[in-house]
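Respectively, the protein sequence lines represent chains A and B. When you line the first sequence up against my numbering, it's residues 4 to 255, in that order. When you line the second sequence up against my numbering, it's residues 4 to 255, in that order.
Possibly wrong hints are sitting among the right ones.
No distinction is drawn between identical chains; accordingly, a pair holds when it is met within one copy or between any pair of copies.
Dumping the calculated SDA-like pairs for lysine to any residue here, alpha-carbon to alpha-carbon at most 25 Å [as the list claims (entries may be wrong)]: (1) 97 - 234; (2) 118 - 239; (3) 242 - 212; (4) 118 - 220; (5) 242 - 232; (6) 117 - 96; (7) 228 - 96; (8) 229 - 150; (9) 228 - 49; (10) 229 - 50; (11) 229 - 156; (12) 162 - 225; (13) 235 - 252; (14) 23 - 53; (15) 241 - 148.
These are calculated hints, taken from the structure and not from any lab test.
Number of protein chains: 2
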Amino acid sequence: MEIVIIGTGNTATILGRKLKAAGHVVVQVFGRDTTAASKLAYELNTESTNYWNVVYRNADLYILAVSDIAIKEILEELRLPDKTIVHTAASVSKNILKNAATHFGVFYPLQSLKKESTHLPDIPIIIDASDESTLKELEILAQSISDTVVEADDEQRMKLHLSAVIVNNFVNHLYALAESYCNSEGIDFTLLLPLIKETAERLDYISPAQSQTGPALRNDTDTIKKHLEMLKKYPHLKKIYETFTESIFTTH
Amino acid sequence: MEIVIIGTGNTATILGRKLKAAGHVVVQVFGRDTTAASKLAYELNTESTNYWNVVYRNADLYILAVSDIAIKEILEELRLPDKTIVHTAASVSKNILKNAATHFGVFYPLQSLKKESTHLPDIPIIIDASDESTLKELEILAQSISDTVVEADDEQRMKLHLSAVIVNNFVNHLYALAESYCNSEGIDFTLLLPLIKETAERLDYISPAQSQTGPALRNDTDTIKKHLEMLKKYPHLKKIYETFTESIFTTH
Chain A
4 MEIVIIGTGN TATILGRKLK AAGHVVVQVF GRDTTAASKL AYELNTESTN
54 YWNVVYRNAD LYILAVSDIA IKEILEELRL PDKTIVHTAA SVSKNILKNA
104 ATHFGVFYPL QSLKKESTHL PDIPIIIDAS DESTLKELEI LAQSISDTVV
154 EADDEQRMKL HLSAVIVNNF VNHLYALAES YCNSEGIDFT LLLPLIKETA
204 ERLDYISPAQ SQTGPALRND TDTIKKHLEM LKKYPHLKKI YETFTESIFT
254 TH
Chain B
4 MEIVIIGTGN TATILGRKLK AAGHVVVQVF GRDTTAASKL AYELNTESTN
54 YWNVVYRNAD LYILAVSDIA IKEILEELRL PDKTIVHTAA SVSKNILKNA
104 ATHFGVFYPL QSLKKESTHL PDIPIIIDAS DESTLKELEI LAQSISDTVV
154 EADDEQRMKL HLSAVIVNNF VNHLYALAES YCNSEGIDFT LLLPLIKETA
204 ERLDYISPAQ SQTGPALRND TDTIKKHLEM LKKYPHLKKI YETFTESIFT
254 TH
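Can you build the whole structure from these sequences, using the hints too?
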């Protein structure tokens, strides 16, 4: 497939790498940041541009991998009659694309993508499209770079994204709070990495509701009291501790 | 080393398996639950008992792997002059053991241990002891089952445990809340597993404070508002969402 990638950020970069690795040809990278665009184009063995009037017109697919705000701005200028365009955003309706091209859809990678990554993680791809033939086309493309391809409409995609915010953004924030606490107390945060990985990997075979443990679950008030005492200097983390202790106790 | 394991729960079982796999001899399992004790003894190719007066007297080490409350109860009965005893508890002082045996210490596995596990995870071992020779002995034993062995006193061990509660119990609770939300909304929670694993594995090479992303970090009020609207039916999760959104925003 001949593909134009619009965007130069994390999503554009990682999707570009995955697509190239699967044998697709990225014919052009569009980016308003010339340096970033030429860097990504070089990596994907293609050319870059930052002028709409020279965007390649004969690609099979245009992937709009930019921020939610940039999608709106770009769509004011971009018209690709008879072509297929997709965006990669979780929270933006598919129909925002309806005036930009004849065929349109969504190609949402349900993964945290960082261009600094030295590996390409597994990426479930969530697709949606304006019509059956476009959907089929996107499904085939997605299957060429992922073992997990699922169709979901705007509403379902938003729900997936909300869940992703919980298990990625919020979980990562807990890691960051723990790291900050360890650093302040002279404790080595990396000692916790095997525990962190085991907690994540265990989900393959046991539901998190079943594997819950800890002082809050046991209503071990002695330990909880000690911990809150230890967190006196950390009011922010103390509040999180109290919220979770109550939430775990109430849930179980 | 000849070892007596006191306890039949998750810690006793997993430590027993690790020790056996490293070539140590578990000479006896003590447990008040006869069925559990004989089951673990059978797995470890040894005998079990539930009577203090028949506890094997010539072991090199007695590992007290029971709950915090059970430690106190057992220590009312157990006297092992000239022997070495350790407990495996995060939040219990080393000195609780000082009347039970001449040499004593702590052998705390910093991992979430489940006897149902089909694999043996990496387990950092946190040690402490009454004297230098016991510490050395515990260090050698710990190194025979783990690549990560660290000395920490009562206070440092408590701090590690508090951190473990955050990155294991609290993180797992977020997984459970997300799973429950997905189930209620007819969304497949397993689609999130690659994201969950990537979030954990990334800590090997990037600090969580640096890799934070998401609507709260970007102060993307449109998305946050949509999410809170979607959580109207889930007041409990909505409160967690608000707490994290504020906490992430304040931290960064």
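The hints, checked one at a time:
In this assembly of identical chains, residue 97 and residue 234 lie within 25 Å of each other by CA distance solely across copies; the values are 22 Å between and 46 Å within a copy. Proximity of residue 118 and residue 239 under a CA criterion of 25 Å is satisfied in neither setting, with 31 Å inside one chain copy and 35 Å between copies. In the homo-oligomer, the alpha carbons of residue 242 and residue 212 lie at most 25 Å apart both inside one protomer (23 Å) and across protomers (19 Å), since each shortest distance falls under that limit. Only between protomers do residue 118 and residue 220 lie at most 25 Å apart by alpha-carbon distance; the minimum there is 18 Å, versus 39 Å within a single protomer.
For the homomeric pair residue 242 and residue 232, the shortest alpha-carbon distances inside one copy (12 Å) and between copies (24 Å) are both at most 25 Å. In this assembly of identical chains, residue 117 and residue 96 lie within 25 Å of each other by CA distance solely inside one copy; the values are 24 Å within and 43 Å between copies. Within a single copy, residue 228 and residue 96 get their C-alpha atoms only as close as 47 Å, which misses the 25 Å cut-off; across copies the closest is 16 Å, which meets it. Taking the shortest alpha-carbon separations for residue 229 and residue 150, neither the intra-copy value of 46 Å nor the inter-copy value of 30 Å comes in at or below 25 Å.
In this assembly of identical chains, residue 228 and residue 49 lie within 25 Å of each other by CA distance neither inside one copy nor across copies; the values are 60 Å within and 40 Å between. Taking CA atoms no more than 25 Å apart as the test, residue 229 paired with residue 50 passes in neither setting, with 60 Å inside one copy and 38 Å between copies. Taking CA atoms no more than 25 Å apart as the test, residue 229 paired with residue 156 passes between copies only; the shortest distance there is 16 Å, against 48 Å inside one copy. Proximity of residue 162 and residue 225 under a CA criterion of 25 Å is satisfied inter-copy only: 15 Å between copies versus 38 Å inside one chain copy.
Taking CA atoms no more than 25 Å apart as the test, residue 235 paired with residue 252 passes in both settings, with 22 Å inside one copy and 21 Å between copies. Taking CA atoms no more than 25 Å apart as the test, residue 23 paired with residue 53 passes inside one copy only; the shortest distance there is 21 Å, against 64 Å between copies. For a Cα distance limit of 25 Å, the shortest separation of residue 241 from residue 148 qualifies neither inside one copy, at 43 Å, nor across copies, at 35 Å.
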